[in-house]
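J.: Go ahead and model the full structure; you've got the sequences and the hints to work with.
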Amino acid sequence: MWRAASLALVFVVAALAPLLASKNPDGLESTAQKFESAQGRETHLLPALFPDYTLPGGGGTAAEAAVMLAGTALVFLLSMASARLLARLG
Amino acid sequence: MHIPDGFIPLHQAAVYALAAAVFVWRSLVWARQQQQAVPMLATLAAGVFAIQALNIPVPWGTSGHMTGGVLAAILLGSPWAGVFILTIVLLIQAFLFADGGITVLGANILNMGVISSFAGYYTYVVLRSRAGAVWASFLGAWLGLELAALATAVELGFAGTFPMFEGLFFMGIYHAVIGLVAEGILTALVVGTVLRVSPELVASREVA
Chain H
1 MWRAASLALV
11 FVVAALAPLL
21 ASKNPDGLES
31 TAQKFESAQG
41 RETHLLPALF
51 PDYTLPGGGG
61 TAAEAAVMLA
71 GTALVFLLSM
81 ASARLLARLG
Chain S
1 MHIPDGFIPL
11 HQAAVYALAA
21 AVFVWRSLVW
31 ARQQQQAVPM
41 LATLAAGVFA
51 IQALNIPVPW
61 GTSGHMTGGV
71 LAAILLGSPW
81 AGVFILTIVL
91 LIQAFLFADG
101 GITVLGANIL
111 NMGVISSFAG
121 YYTYVVLRSR
131 AGAVWASFLG
141 AWLGLELAAL
151 ATAVELGFAG
161 TFPMFEGLFF
171 MGIYHAVIGL
181 VAEGILTALV
191 VGTVLRVSPE
201 LVASREVA
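Note that the protein sequences, when read in sequence, are chains H and S. Under the working numbering, the residues of the first sequence are numbered 1 to 90, in order. Under the working numbering, the residues of the second sequence are numbered 1 to 208, in order.
Since the hints were made in silico from the structure, they are not lab data. Since this is a predicted model, take the numbers as computed values, not measurements. Wrong hints could be hidden among the right ones.
DEER-style ranges, computed between Cβ atoms [to be verified]:
| hint | chain 1 | residue 1 | chain 2 | residue 2 | range |
| --- | --- | --- | --- | --- | --- |
| 1 | S | A131 | H | G57 | 34 to 42 angstroms |
| 2 | H | T61 | S | Q36 | 25 to 33 angstroms |
| 3 | H | P47 | S | W60 | 29 to 37 angstroms |
| 4 | S | G132 | H | P56 | 47 to 55 angstroms |
Just some of the chain S residues that point at chain H, by a computed CB distance under 10 angstroms [to be verified]:
| hint | residue |
| --- | --- |
| 5 | H2 |
| 6 | D5 |
| 7 | R26 |
| 8 | V38 |
| 9 | A42 |
| 10 | W60 |
| 11 | G61 |
| 12 | T123 |
| 13 | S129 |
| 14 | L147 |
| 15 | T161 |
| 16 | E166 |
| 17 | G192 |
| 18 | L195 |
| 19 | P199 |
Where a beta carbon is used, it is the ideal one built from N, C-alpha and C, also for glycine.
T.: This is the structure we're talking about:
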């Protein structure tokens, strides 16, 4: 029972994250902004499907929530599948 | 704290990738013995992914999020749990969301998966009999994040992206506060709740 409740809570957090998350730069970004040596260094090796957790072309907070829910489901399923596979091998 | 592509030269990133690969391989060995814990492991991985998107504002116009490795390690009784879960989360973040670079995946796994999980988990183990599980998890989570941030600053110092000492200073200060609010309090809250709802869950896990 508590496992189902935990999983439900995880998906609630995922859906609300785009609405509640601070838009301020994080600790690494804030530090990087202080040094000229860090400016212009950031590159992307491959184009991401959902850069910065948004749909290509935007879509607002609802679209971001949908992307977060899909990402959370993907992490859950991938972890479950890989852990099951490894446990079977063990 | 996700290092993006371009912040670390490829030859240095390769060294971090090799070091991370050793820990990831060992975490796969750990995961092979976790038949009973698979649903909880997957739920924790999903939770870590979700909570990492929830940036909490902290002073000086910055923000931070929980990384979750220490929480996973405490609840699953092994730092390898943190390595395993953070590897999956960081892979998906890098390839699908451009959150953290692909060439620097090894460095990110080393910082947030390995250093944070090991430092935080063993701090928790050492302190839990003296300070209680909730305070021990708070301090372990805070220290895990702080050491991961300092390791990131050292790597970026060697890369020439940050000046070494100024980088250490600012990364240390920012993450000392982020660690209190985002990592420490949330980890202690979850561990405290689990101990109330299902204490046998934490107690039954062997120290690895």
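J.: It remains to establish, for every hint, whether it holds in the given structure.
T.: Do the hints match the structure? See the list:
1. At about 50 angstroms, the beta-carbon gap between A131(S) and G57(H) misses the expected band of 34 to 42 angstroms.
2. Checked against the hint of 25 to 33 angstroms, the pair T61(H) and Q36(S) fails, with Cβ atoms roughly 39 angstroms apart.
3. Under the hint 29 to 37 angstroms, the C-beta atoms of P47(H) and W60(S), about 32 angstroms apart, fit the expected range.
4. The hinted window of 47 to 55 angstroms between G132(S) and P56(H) holds, with their beta carbons roughly 48 angstroms apart.
5. Interface hint status for H2(S): upheld, as the beta-carbon distance to the closest one in chain H is roughly 7 angstroms, under 10 angstroms.
6. Hint status for D5(S) relative to chain H: holds, with the closest Cβ pair at about 5 angstroms, below 10 angstroms.
7. At about 12 angstroms, the closest approach between the beta carbon of R26(S) and any beta carbon in chain H exceeds 10 angstroms, and the interface hint on this residue is violated.
8. For V38(S), the shortest C-beta to C-beta distance to chain H is roughly 5 angstroms, which falls under 10 angstroms, so the interface hint holds.
9. Annotation: interface hint on A42(S) holds; nearest CB of chain H at approximately 4 angstroms, less than 10 angstroms.
10. The criterion of a C-beta within 10 angstroms of any C-beta in chain H is met by W60(S), whose closest approach is roughly 7 angstroms, and the hint holds.
11. Against a cut-off of 10 angstroms between C-beta atoms, the interface hint on G61(S) holds, since the closest Cβ of chain H lies about 6 angstroms away.
12. Annotation: T123(S) was flagged as interfacial toward chain H, and the flag is violated, the nearest CB pair being 20 angstroms apart, outside 10 angstroms.
13. Hint status for S129(S): violated, given a least beta-carbon distance of 26 angstroms to chain H, over 10 angstroms.
14. Hint status for L147(S) relative to chain H: violated, with the closest Cβ pair at about 14 angstroms, above 10 angstroms.
15. A least Cβ separation of about 5 angstroms between T161(S) and chain H falls short of the 10 angstroms threshold, and the interface hint therefore holds.
16. For E166(S), the suggested interface contact is upheld, since its CB lies about 7 angstroms from the closest CB of chain H, less than 10 angstroms.
17. Hint on G192(S) is violated. Least Cβ distance to chain H is approximately 14 angstroms, over the 10 angstroms limit.
18. For the restraint placing L195(S) at the interface with chain H, the shortest Cβ-Cβ distance is roughly 13 angstroms, beyond the 10 angstroms limit, so the hint is violated.
19. The interface hint given for P199(S) is violated, since its Cβ lies 12 angstroms from the closest Cβ of chain H, which is over the 10 angstroms cut-off.
The earlier numbered hints that this structure contradicts are 1, 2, 7, 12, 13, 14, 17, 18, 19.
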